[in-house]
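Trainee: As given, the protein sequences belong to chains A, B and C, one line each in that order.
In my numbering, each residue's number is its place in the first sequence (first place is 1) plus 3.
In my numbering, each residue's number is its place in the second sequence (first place is 1) plus 6.
In my numbering, each residue's number is its place in the third sequence (first place is 1) plus 1486.
The hints are simulated quantities; they were obtained by calculation from the structure and are not laboratory data.
Glycine included, each C-beta is placed from N, C-alpha and C at the ideal position.
Zero decoy hints are in this set.
Have a look at the derived ranges for each label pair, beta carbon to beta carbon: (1) A/34 <-> B/142: 22 to 28 Å; (2) B/95 <-> C/1655: 53 to 59 Å; (3) A/238 <-> B/26: 28 to 34 Å; (4) B/26 <-> A/551: 42 to 48 Å; (5) B/148 <-> A/53: 33 to 39 Å; (6) B/95 <-> A/498: 50 to 56 Å; (7) A/56 <-> B/142: 22 to 28 Å; (8) B/142 <-> A/164: 19 to 25 Å; (9) B/15 <-> A/362: 47 to 53 Å; (10) B/20 <-> A/516: 27 to 33 Å; (11) A/495 <-> B/52: 41 to 47 Å.
Here are the computed lysine-lysine pairs in the DSS-like style, where the Cα-Cα straight-line distance is at most 27 Å: (12) B/24 <-> C/1596; (13) A/519 <-> B/17; (14) A/207 <-> B/20.
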Amino acid sequence: MATTTAPAPTTQRPGTNGANGTLDGKCPGGPIESHWDHYKAEIKLINPANKRKYQVIVVGSGLAGGSAAATLSELGYQVKCFCYQDSPRRAHSIAAQGGINAAKNYQNDGDSVYRLFYDTIKGGDFRAREANVWRLAEVSRNIIDQCVAQGVPFAREYGGLLANRSFGGAQVSRTFYARGQTGQQLLLGAYQALSAQIRAGGVKMFPHTEMLDLIVVDGHAKGIVVRDLWTGEISTHMANTVVLATGGYGNVFYLSTNARGCNVTATYRAHKRGAFFANPCYTQIHPTCIPVSGDYQSKLTLMSESLRNDGRVWAPKKQGDKRPPQQIPEDERDYYLERKYPSYGNLAPRDISSRAAKEACDDGRGIGESGLGVYLDFGDAIKRLGEPVIRERYGNLFDMYEKITGENAYQQPMRIFPAVHYTMGGLWVDYNLMSNLPGLHVIGEANFSDHGANRLGASALMQGLADGYFILPYTIGVYLSSEAGKKLPPADHPTIGTVRKEVEDRIKRLTSIKGKRTPSSFHREIGLMMWDKCGMARNRDGLQAALKRFPELREEFYQNLNVTGEGGGANAALEIAGRVEDYLEFGELMCFDALHREESCGGHFREEYQTEDGEAARDDENFAYVAAWEYKGTGQNPYLHKEMLEFKKAHLAVRNYK
Amino acid sequence: MNLTLKVWRQKDAKSPGKFETYEARNISTHASFLEMLDVVNEDLISKGIEPIHFESDCREGICGTCSMVIDGLPHGGQPGTTVCQLHMRYFQEGQVVTIEPWRAKPFPVVRDLIVDRSSFDRIIQAGGYISVRTGGTPDANALPVPKQNADLAMDAAQCIGCGACVAACRNASGMLFMSAKMGHLSYLPQGQAERSRRALAMVRQHDSEGFGNCTNQYECEAACPKEISVAYIARMNRDYALASAKEMAGVE
Amino acid sequence: MSTAAAAAPSRPNPLAAFYASTIGKKWIVALTGLGLIGFVIGHLLGNLQIFLPPDYINTYAKKLKDLGPLLWIIRFGLLGIFVLHVVNTIQLRQRSAAARPEAYAVERKKAASKASLTMIISGLILLAFIVFHLLHFTLTVIPTKDIHVLDPLGRHDVYRMVVGGFQNPLVSIFYLISMGLLCMHISHGFQSVFQTIGLRTRRLSGPLNLLSNGLGWFLFLGNAAIVLAILFGLVK
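With the rest of the complex left out, here is chain A:
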């Protein structure tokens, strides 16, 4: 496949592992259906007695990190697990509402591994790696078995068997759920498995501890520097391999559905130490969130996509129609998703639904005070099924909506608007889930691997658990066996002290500026700019303006930041400042990637590249690759490494949900 020029040079750099200046995902050959089975059979095994000699650091305790730490410990590895929350049970996976996909075909509606694979590839707008996605679809079935055995109370039919619901981007019903709290229940399953291992002594848990840097010794990731958020103590931890399961970077937008504490620091610091960051511009805007109500707002709340099973999305046909929704007659409502995408209707994928909402609002037909919102209407469903059925299905979501807005969605439609929700981009990894930096594994949302340019609903939970329970525990052995017989760097290795010193100096720098602006005020400014220039729709001018602004903002940050208190003890202002410092660089990388990708695909919509009817215009000839960026210094253009994407099983096609 030919490539054309991109804004950054494409050259063979140290650390690039493939031929011809491209990255190699190291996928096994042969037919895709048997890749994983063959690969597993061929992976070098480490005997149980030797596993005890290997130490593994897992950063993050969400679905990916928690399940990986528990499983690795079960296998016999010595695990240290870190999370910034005060307990591993609170990782943000807990907030996932709707469900988890699995190709179980319990509904007998024609589901299969192939269909889940194809839906995921197509949903991702043909920007994901086929081999990984196939493997994901394959192990999805084991996940459900595993979770049920752990006691996850999935919804059931009266006959006692598992219930399913449908989700966006699929025409089969393959989503397993536990009311509107699926993420919570899956996370508690992983947390309980982890707890058992902590008790057994296989995992040492470090809660309220944030990773601030990666220690790379002789080109291999061998440790981390962390800060205890309660005592302020800085410490270093060394291991044979480091696993990052630190989630996504959605909080670069300040307002997102992510938890307040979610941040990019771990992955970005690893990036600065040599790990390539892939496709940072792929961000998912979730179509059904509660609209912003004021500038004090600290986060956005998602209303599960599952609501679109029964809710109908509409906007008034007339511009500036400010009548209450009940007074707008049926024929003056535009059920735009049903109109534009008749075969998927209200279950069109997230990126498409979000853009359609934006379109309606840009057209002056948005609802609510701000005009930034559309309706999600349950009137018909309540008429058809009755309120008790709707309450049974979505009661907790309706309650949550009422708590936040003070409105009763059984009586009037919900007001919704898209919000940043998930980030498909992340650190680049190969088939083994190892980054280009040897010894650094990256799993869950923190890696880039499975969702391409857009993630389908109920697939994040699937990927996190697939990586943690069923993939990494095998593939980590590939690296570890190659390290057999090698000792950990000694505690007095000069690199350890150097990295630690750098972290301490950074904290000192932040606390000693004592300027006028709060860390959060910088964060809000970055967020607004990112939403404006690198949000639901992007264009060259906007991105260039943002790229120009970042260095200025950084300069102001280092001159005018105000962090109260010192590094010792709990210091909320310092925590935020450290994270914002990384957004100030990372946001630039995102814009850079968005500018370079001169096409529209999935969550990346470039206004210059759209079809006549406003759909994303993909450019497979020039951009069917993963853009993995190498850090070259703050303010310097990063280097682009390409991993070419080949589609042998799912043939490249225009994504059509009409």
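Here the structure of chain A is known, so what remains is to put chains B and C in place on it, guided by the hints.
Mentor: Chains B and C alone, transformed into the frame defined by chain A:
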């Protein structure tokens, strides 16, 4: 709206704490209680005063991180509401609001309103799980679970581990939390194998952490943001006694 | 999987462990409480014979006395139950006080009943009352009118003793207050027993509360009726 806040400030676990008074100005009634505190904190930082330390994360009532007692009631006392979901429309102009940390010996104060709830984690570690290894599990549909039991398990499993039950209890008892996990697992067929062992281990851990005992006042249920029923405590009491009896009799 | 077993300390004696645990102690308090409630009901039913001619209650008292060694077994049994109830309650209360070393500046309650919040106080006053009551009518060491008279059949005239005892208004008021506290104590205690021994379900909680309150009122009204009837001269 404007409010006066009386907030517990405590530098760290060892230092003594005291109440400080702050003014919250121009707060939107649409803001959440924590967003109101964010605004106050921004103001404090600009004045060079260290912000009020409190924990929060998801801000949608599911992670269980946020924890503070507002005017004597954990999470502010609105039914089924965590403090991050508590909106300012429930407060009145000019109101004086007292904010305190959870008070319990097993929840020592870390700073200001932050308390250490790791005792909850240790209760789970003692036995709040089903011991299965990854892989090698039977097909998910191999074992049907009556819908009613699955629902009862889910009602209990909704616990977010915030600790409001302990904070509300005059005895600082952790029994609603503990019984929710036991209830969740004991309603499922998968949880039966370890049911007795779990009951014994968790209760012993609970006691050794220094939690108090339940005096059946049901404040915990009223304070629980997930409205978990005290019926699970009754079930736990039964399970624990049965498990003890089996242990005494040597029934395996 | 070797999980909890690996880290668990050496196995405690199961009975001792049960007795030492919060829930174990609660079971003991609940079961002894249930026994004491049974006694209080029986006691009241016996005493209501005061509304019948004196022969009834005197015969009843004689029958009890004639139980001989059995009476002592019952008495010691009751004492044992009582001591277990009190000692375990006090131990639990100490434990709970230690679990909440620092009080809230603002105290508010949403669900707890007055009765439940005052169990220790009502319990301690009842303890004092019971000591007095035993001194009064059982050991008969408190100077009271007609305390040692015999009835026409030569038996201890319990009827005269009771009537004489409650003709003293101060004594009667103390009894009435104590019966009020007993009512509160039992109105919380009775339904609480079912919660503690694991028989209170969501559906049963309403009926059990009703039953518990009803029992409390029954005991109060029954006992108060005796005192008041004598005080106001309806029973002479």
